[in-house]
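S.K.: Throw the hints in and build the complete structure from the sequences for me.
Listed in order, the protein sequences are those of chains W and S. Taking this note's numbering, the leading residue of the first sequence gets 1, the next gets one more, and so forth. Taking this note's numbering, the leading residue of the second sequence gets 1, the next gets one more, and so forth.
Treat each hint with caution, since some may be false.
[Stated by the list, open to error] Now the in silico label distances, taken between C-beta atoms and shown as ranges:
1) W/645 <-> S/39: 53 to 59 Å
2) S/110 <-> W/637: 43 to 49 Å
3) W/643 <-> S/213: 26 to 32 Å
4) W/656 <-> S/27: 19 to 25 Å
[Unchecked claim] List of simulated lysine to any residue pairs, SDA-like, C-alpha gap at most 20 Å:
5) S/97 <-> S/22
6) S/97 <-> W/664
7) S/97 <-> S/213
8) S/97 <-> W/389
9) S/97 <-> W/452
If you're looking for bench data, these hints aren't it; they were derived computationally from the structure. Note that this is a predicted model, so its numbers are computed, not measured. Cβ coordinates follow ideal geometry from the N, Cα and C atoms, glycine included.
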Amino acid sequence: MSALLAPTLMDAGLLAQLAVGGLAVVAAVLAPPRARNLAAGGALVATGLAGAVTGVAALLGVEAGGVPVPVALPLTAPLDALVLAPDALGGLFMALAGVVVALAALFGIGYAHGAAASRTGWTAFAVFAVGLQLVPAAADAISFLLAWELMALGSTVLLLADHAARGPVRRATLWYAVMTHLSFLLLLAGFGVLVAAGGSTSFAAMRTAGVAGPAADLAFVLMVTGFATKAGLVPVHVWLPRAHPEAPSHMSAAMSAAMVKMGVYGMLLLTLRLLPAGPRWWALVLVALGAVSALYGILQASVQADLKRLLAYSTTENIGLITTAVGVGLLLRDSGQSAVADVALVAALLLAVSHAAFKSVLFLGAGSVLHATGTRDLDLLGGLAARMPWTSGAFGVGALGAAALPVTSGFVAEWVLLQGLIHVDARTDRLLAIVIPVTMGIVALTIGLGLLTFVKAYGIGFLARPRTSAAADAREAGVAMRTAMVAGAVLVVGLGLVPGPLSQALAAAVAATGVASVNGAGLAVGAAAAVLDPVALTALAAAVLVPLVAVNVVLARRHPRREVALAWGCGGERTSPRMEYNATSYSEPVVRVFRASLQARRAVDVVHPDSAPMIVEHMSFTQETADVVESRLYLPATRALARAGDLARRVQNGSIHRYIGISFAALVLVLVVVAL
Amino acid sequence: MSTQLYQQLLATTTGLLLLTAVLQVWGRTIIRAIGLLVVQGVALAGLVLTVGVRAGEPTAPLVAALVLVVKAGVLPWAMARGARRAGATRDNAALAKPAVELIGAAGLTVLAYAVSGPLVGEAADPALRAVPVGFSLILLGFWQLLIRGSAITQLVGFLMLDNGIATVSFLISGGLPLVVELGATLDVLLVVLILGALLVRMQAEQGHIDVPELRELHD
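M.R.: Printed below as a string of structure tokens:
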């Protein structure tokens, strides 16, 4: 019965996403302004949940019957039918996107204001969400690209929604639109190569065609560049630190936690499903891309003072780690060490899930802070823990996850990754003997800098005393926003406490063996002979800590709290908010150590009164760090383009005779060609 | 209509078309350019009538009359009026010497014969064998657009180009449906009327109607 019913259930799930997403559009357009957030946001929460349920079903192995996409293409080319039918891997990413969309939409009900709460804003979000959730469901190239473009379209419109109010939005959108179209074009070309070589647009047929040689290499390079652009890997990450901060925060969360994951999904689709037998250098390319992105991303994140920009660079870092893990997995599969390779691939998926969970919490938390204080600048925040306890708690849990500390999902994922890297047998393979230790070093450095980054983000932003009145007057967010953040935080901790079942399902999705669930919650990595049981560890830690804390509390009760005043302070305070560490000063050591790659420019401006050059009247310090990739790669490229444009102006000089001459020459040329 | 008469009429009209087109390229006075255009319009109307009657089109006289009125009547009249009101008599801003113009025109005519071979093929129909004349008209019209400086003589080039297109279409398909012909003619008429108004404005603001002087781009 269930075997018969299951395919139709899966199709029903896909159709439900489309239907409820359409309902969200209708609600966004028809609902009166007051009810719009609730109506459209509510429908989108349902869309997200439908995606999550369908995705989990696909992940657990429910076969899809396949929903034909009713699109009539005006093409005469022999295309296969457009079909939506997620496999287990697609199901994972659909579930991931669904959960993130549900959280973001729930948050948006309370958060969306201004342009984001307009008809256009919610419609764009709905289009984006549906596209996002259907990308992993595509079973052929055309429907994949359709969903991909839907996702790009919705996100661009929503990003641009606020352009009238804030100038940087326009620039960010321009970067985003250019990069996202570049990505689409590269994918189109890559799929074109695959279709030409394999003779079919369906994924299943592409796999059985077994494209190899130069065609496969070309397709790999084109598509990996395209997916890397979406995923925000260095050097095609430039849109990310611009777009994420400027988007409305619930949108930032959805973009960072789910949309960039579609780039990861694309890479997995390409290397595991479409072209599973790639040469070794493919894996090395992925490892190199990932390692550079991870290190560069976290380095930039560690010195940012803008909270959302920090989170955006941290996204590049996490995607870098995921790509590294995928690359290592492919490299090891190629070297015949399939057991360890499986560990690395499962680590990649765990990293993806964990990043989705904690990054949505972090971006939603940042949105809540922005909503309450009107600023994203960490140097102007502080003291929010006492004023916004829910936001602070959720953000703290997210920061723990991002810093990969127990008991969060981030810890589990990076533990599995390091277990995989440590247990590689590199004795006989020179390449592995070089690549694996270097990778391990980079991953370790990245994790270390990640810890520093998120200690900064949480410590400077939420602890200590408020640095400005905006931070001092902050109020806690509303119910919908709180619920979304707490739900995300629960996911972060839940996946950290009970990683076993998820890991087992992920292992099945990439046909990995040796990663299994133990004791119902824990995680056993066969190849490494290692077991991680967070519940047991937590119980153990609690057994040690609870008596200690209890003793402390009892002792504190016996000795009432004493006020300590400065001995010679004349009643003054020990510290003022001006004397606290701020984000810039906290990351100062990092800026010094990595000054070559951060290119920090600093200026100390001292103003003396005219009469007394020894007395300082006013002093200011500014520091700017540059994105080296942007200044060394993109600026020269855009300058060259601008020069080419200037040259073109010599042709386009306003003389009608010149234009007529050009078209006449073209006509004569065509005629001559025809005659020959 | 006997085949011989048909051939003779066809040769006369297309020959007249080509002759007027070549004569356009030398000589600089505006009234002469417009006069040649009138002759060309009459020749085109004759061609339309010949081809239409031969093909047994019942609307052929109507179309021919339309062509005659518009191409040999209204358009030249509107241009002459514009030139008179703008006070222009000569094209003083041509970009090439008459000798260069003539050599270019000869080359383009040869090119038109060379390139229309593959398009027409080894046709026995005399109408099809006359298609190169239409192509010559198109190329010579373009040529005039390119080298002439005065707005009026450029407009003459544009109308010649349009005559060329009409010639090719009549010769190849034996005439267009009345509706299409009406639409195309009205388009051209509108262009000329608007340009006539524009000429007066140009003269008022610039003091001349020389197109090469209009180089500054404005948003």
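S.K.: Now tell me, hint by hint, if it's right for this structure.
M.R.: So, going through the hints one by one against the coordinates:
no. : hint                        : in the structure
1   : W/645 <-> S/39: 53 to 59 Å  : violated (47 Å)
2   : S/110 <-> W/637: 43 to 49 Å : holds (47 Å)
3   : W/643 <-> S/213: 26 to 32 Å : holds (30 Å)
4   : W/656 <-> S/27: 19 to 25 Å  : holds (22 Å)
5   : S/97 <-> S/22               : holds (15 Å)
6   : S/97 <-> W/664              : holds (19 Å)
7   : S/97 <-> S/213              : holds (18 Å)
8   : S/97 <-> W/389              : violated (87 Å)
9   : S/97 <-> W/452              : violated (78 Å)
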